[in-house]
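S.K.: Given next are the chains, with one letter for each unit.
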Amino acid sequence: MGNPALRTEAVWKVFHQEAEEVRAVRGVTLTIQPGEFVVLAGPSGSGKTTLLNLIGGLTRPTDGRVWVDGLELTRMGSRELARMRLEKLGFIFQSYNLLPVLSALENAEFPLLLRGMERDQRERRVRELFQRTGLAGLEHRRPGKLSGGQQQRVAVIRAVVGEPALVLADEPTANLDSAASDILLTVMEELNRDLGTTFIFATHDSRLMERSRRLIHLVDGQIVSDQWQESRREQ
Amino acid sequence: MSSKTAVIAKLALRNLRRQARRSLLTAASMIAGGALLIFSLILGDGTHEQWIDSAVRMADGHLAVQSVGFQDSRALKDRIPSESRGLVEQALRQGGFPANINDMVPRLAVTGMASSAAGARPARILGVDPVVEAAFSVLDEKVRQGRYLQSGDRLAAFVGIGLLEALDLRLGSKFVLTAQDAGGEIAGQLVRVVGTFRTGIPEVDRSLLHIPLSTAGAWLGCSGDVTSIGLLLGNSEQVPQTRSSLRQRLSQHPGSEELQVLSWREALPELDAAVKIDDFSNYLFQGILFGIIALGIVNTVLMSVMYRRREFGVLQALGLTPGQSASLVLVEGLFLTVLSGTIGIALGLSVTWFLWGEGLDLSSMMDNEWTFSGVVMEPVVVPRFRVARMVQGLSFIFLIGMLASLYPALRALRIDVAETMKFER
Chain A
1 MGNPALRTEA
11 VWKVFHQEAE
21 EVRAVRGVTL
31 TIQPGEFVVL
41 AGPSGSGKTT
51 LLNLIGGLTR
61 PTDGRVWVDG
71 LELTRMGSRE
81 LARMRLEKLG
91 FIFQSYNLLP
101 VLSALENAEF
111 PLLLRGMERD
121 QRERRVRELF
131 QRTGLAGLEH
141 RRPGKLSGGQ
151 QQRVAVIRAV
161 VGEPALVLAD
171 EPTANLDSAA
181 SDILLTVMEE
191 LNRDLGTTFI
201 FATHDSRLME
211 RSRRLIHLVD
221 GQIVSDQWQE
231 SRREQ
Chain B
1 MSSKTAVIAK
11 LALRNLRRQA
21 RRSLLTAASM
31 IAGGALLIFS
41 LILGDGTHEQ
51 WIDSAVRMAD
61 GHLAVQSVGF
71 QDSRALKDRI
81 PSESRGLVEQ
91 ALRQGGFPAN
101 INDMVPRLAV
111 TGMASSAAGA
121 RPARILGVDP
131 VVEAAFSVLD
141 EKVRQGRYLQ
151 SGDRLAAFVG
161 IGLLEALDLR
171 LGSKFVLTAQ
181 DAGGEIAGQL
191 VRVVGTFRTG
201 IPEVDRSLLH
211 IPLSTAGAWL
221 GCSGDVTSIG
231 LLLGNSEQVP
241 QTRSSLRQRL
251 SQHPGSEELQ
261 VLSWREALPE
271 LDAAVKIDDF
281 SNYLFQGILF
291 GIIALGIVNT
301 VLMSVMYRRR
311 EFGVLQALGL
321 TPGQSASLVL
331 VEGLFLTVLS
341 GTIGIALGLS
351 VTWFLWGEGL
361 DLSSMMDNEW
371 TFSGVVMEPV
381 VVPRFRVARM
391 VQGLSFIFLI
401 GMLASLYPAL
411 RALRIDVAET
421 MKFER
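Chains A and B supply the protein sequences, listed in that same order. Counting from 1, position 220 in the first sequence corresponds to residue 220 in my numbering; the numbering is continuous, with no gaps. Counting from 1, position 41 in the second sequence corresponds to residue 41 in my numbering; the numbering is continuous, with no gaps.
To be clear, the hints were calculated from the coordinates, so they are not data collected in a lab. All figures in this text were calculated on a predicted structure; none of them were measured in a lab. Ideal Cβ positions, reconstructed from N, Cα and C, are used throughout, including at glycine. Hints are supplied without guarantee of correctness; some may be wrong.
As the list claims (entries may be wrong) - Sample of chain B residues facing chain A (criterion: CB under 10 Å; computed from the structure):
1) N235
2) V239
3) E311
4) D416
To be verified - Pulled from the structure, derived: some chain A residues nowhere near chain B, Cβ distances all over 10 Å:
5) W12
6) E18
7) T59
8) S95
9) G116
10) R158
11) H217
Only chain B is shown next, with the shape it has when bound in the complex:
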């Protein structure tokens, strides 16, 4: 540190102490702002992670390997043949299964009709491996009657409560599924209700049902084939890196050009938009709040500059350049904001950790289940503590401090030394 920098830092700290009450009042607003900022960021992240987790378990995971074209067509013709499925699984396991992939589920999805004596309803039929699906999906936790599918089941169906009621079915009832098979022919399959579920998302409960993957393959004439291989990661932050490494692994295998790796953002664009809009509104609120706080800082620092005009004149007479005397103002503003902002962030983190570390229970504010974009909002929001957010919060506070001190610093820069000395007369 140069001698002048050390002098400037020393003067800045002493000047803040000199106007202790004013500095403390401004610092208090920054501490409150910093605490609120980090609280809303980590709570927002926790909420979003819950939305994403809930949605990806219901859909095809954080990442889904599909045939090119399946995302748009949703047709069996765009399925992954068994040889390619083997290639994907081999690529994933090659050199060890990536540590951040928690589960991998093969699925055969088809749209068809479910019919009973009471009528017929459109249905989203998922052929699943009961064992791995139970670890991946949340449906097995939503059982209303009966049970989820089990290994060894053949003609079993796990049916949404809405569909069950629409078809007037009960546990043990038989009904028929019809869909276009791999050869383009309409094919039927008799299944029996072994369990029902209720997710709280009406469109899911009215249309979705699970049947064993082997049953679906045999029925649709594409045994061993799947329409997607879903991957569940530790959290949504791991998506970009895992996707890129997965793409790289797949690219080393012939036939991989027919496959694509979709992230949840592409597979669930509505959820992606909801997260972005929620983030934007949070940033907007924080922007307005910190705008108001920044005005307080501008006022404090500017008052200090105006009050000390002659001192700035003296400093320049003693050998500081105008830029150095302006930097004194910047340093004062930054000390004030960064110090108090850091305290605020530490306070926000501590309070959130101690009071709501296990989750903030909002159930008293939620009369009914809230759902959107295929997501059920959980009444308990678990904050998500991320170093990146703390760095972002501190950087934002640093930026606010810098911006708020800029105008007072310019005023100090433009001080006419000879003019300030005229006040003596």
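Just chain A, same shape as in the assembly:
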């Protein structure tokens, strides 16, 4: 059996705010296998986003260890971390965070561009994903000319186009109405099913929780439950 997509071992993150010590993540140990569709749920301040940042190498843990696809992040320097993010991770943010100076297609192919992939190969892969996600014809629009749902789908393509070991999505549906959310979730489910992309979501969105196959509850920085479930869609 290959490496798990993610493994964390007793990960802690402590912030110091003036005299106060905030324990955002407390000893989280977690393993996620390739192809999983996992939701991290919990109330505000439960440590969901901090845990995603730790997994993504955007924040360094105070203690503990993190492996992505068998590579230990906690020992990496900033160059290695950047390389690891480029090759192993995809990010989806609440506010889409597309680069406004690039077209939808250029945004989507950005990770491939950074990897130095040939133009034809890049465009073929990206156009196929545009087709699959219902964005065909919008390739040359700037983000400002796309709806929120369309922008988030471009962000999803950007996250998965490089076939990363793991896609981290922080509240991806928070800025979308229910129709746009539904389309987006369907797209991500299909990508998970067809391409085997591993997704980890941090969310409050009950629709997303219902469609996940593994639901992990965090409270005060600790995992309080880790349940496998059949998603409502599959039911």
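Starting from the structure of chain A, add chain B where the hints point.
M.R.: Structure of chain B alone, referenced to chain A:
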């Protein structure tokens, strides 16, 4: 170019276009600065070249071959004997006369007295070859009365107007020159005024006179000898290279150790200092001007970084290193400054070329002749277009762009990616 470098360059250009108005305003200040920079540099160079040209023609040229010690003693004992003079001329002509030497003049200089019935005055007496001196010196262009010396003249003197008046002489008047000859004896020589000149430099007009070199040699008992051999080059930039090649040529001849090759900077230290001070004040002014422009660039680029904090966070999340995202800021700053600075320099060159290529006439600002350090300032300044100055200007602008972008780049470098994402909440 690596894929990341290409991406960074593409993003930098697009970001500048994104804030077009802000970029254009900053670029406009850089264009004006670049134009002013090159205008002041080439005009300054033109002015300095005129000063140098005027001074070296009055003195001993861009380069002067003298006996060691003559520069300090100014005495006949430190002259170049005729054999050594022949050696110098032979060395110069050996393998062809160097292309950048326009003229070569032998001179026999002595300090003495000029006396008439009206009295006596100290005089700087130059024995010259009338033909080559006319091409070298500017004195033949400053004739007030009579004419300059001619080939075949024997007892003729070309006298400064101040000295002429002090001795109450007129054209055709005779007067006596006295000086210590080569043997250390006081010797006199009767000469006749064939012409007068006015340079506008009082100390020159009051003391200088030219007589034929052969007359001076016979009078001072050192026929064929000279005190200096002056060389006039195409321009002052050719001095270091020509000096070094001349030294090398001379060193191959026995007896050359008694000779030295002085540049105008050593022969005319006051002029050298004046050029350096003028250059320094120009650089200081440009430094202040570009300091102000740089603050504008810092503001533009820093605002852009602060406004795009989250974008820098996203770029790092997508796989750029902090250094690469900082280099994006540097590239933006450099694009802005180098592009606009180059346009400014091209504009400055074009405007100067078309409007003042033949010379900038400042005569309306100059009531009287301005002189200093033996230099008459010409009312028309001819700009001097040099590739080196353009390279210097561009390098300076590149440096300013780099410095101005450094702080905003550091801010981008230190962005906490996780922190920038918090703004979403």
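S.K.: Determine for every hint whether it applies to the structure shown.
M.R.: We went through each hint and held it up to the structure:
Violation of the interface hint for N235(B) is found here, the shortest Cβ-Cβ separation to chain A being roughly 49 Å, above the 10 Å cut-off. Interface restraint check for V239(B): the shortest CB-CB distance to chain A comes to about 51 Å, outside 10 Å, so the restraint is violated. Contact between E311(B) and chain A, as hinted, is supported at the beta carbon level, the nearest pair being about 6 Å apart and thus within 10 Å. Checking D416(B) against chain A: minimum C-beta separation of about 8 Å stays under 10 Å; hint holds.
With a least beta-carbon separation of about 15 Å from chain B, W12(A) lies farther than 10 Å from that chain, consistent with its non-interface assignment. Against the 10 Å criterion, E18(A) stays outside the reach of chain B, whose nearest CB is about 16 Å from its own CB. Not every CB of chain B is more than 10 Å from the CB of T59(A) (nearest about 5 Å), against its label as outside the interface. The non-interface label for S95(A) is inconsistent with chain B: the shortest C-beta to C-beta separation is roughly 5 Å, within 10 Å.
Not every C-beta of chain B lies more than 10 Å from that of G116(A), the closest at about 4 Å, which undercuts listing it as non-interface. Interface exclusion of R158(A) from chain B breaks down, the closest Cβ pair being 8 Å apart, not more than 10 Å. Distance to chain B confirms H217(A) as a non-interface residue, since its nearest Cβ pair spans about 20 Å, more than 10 Å.
In the structure shown, a violation is registered for the earlier hints numbered 1, 2, 7, 8, 9 and 10, in ascending order.
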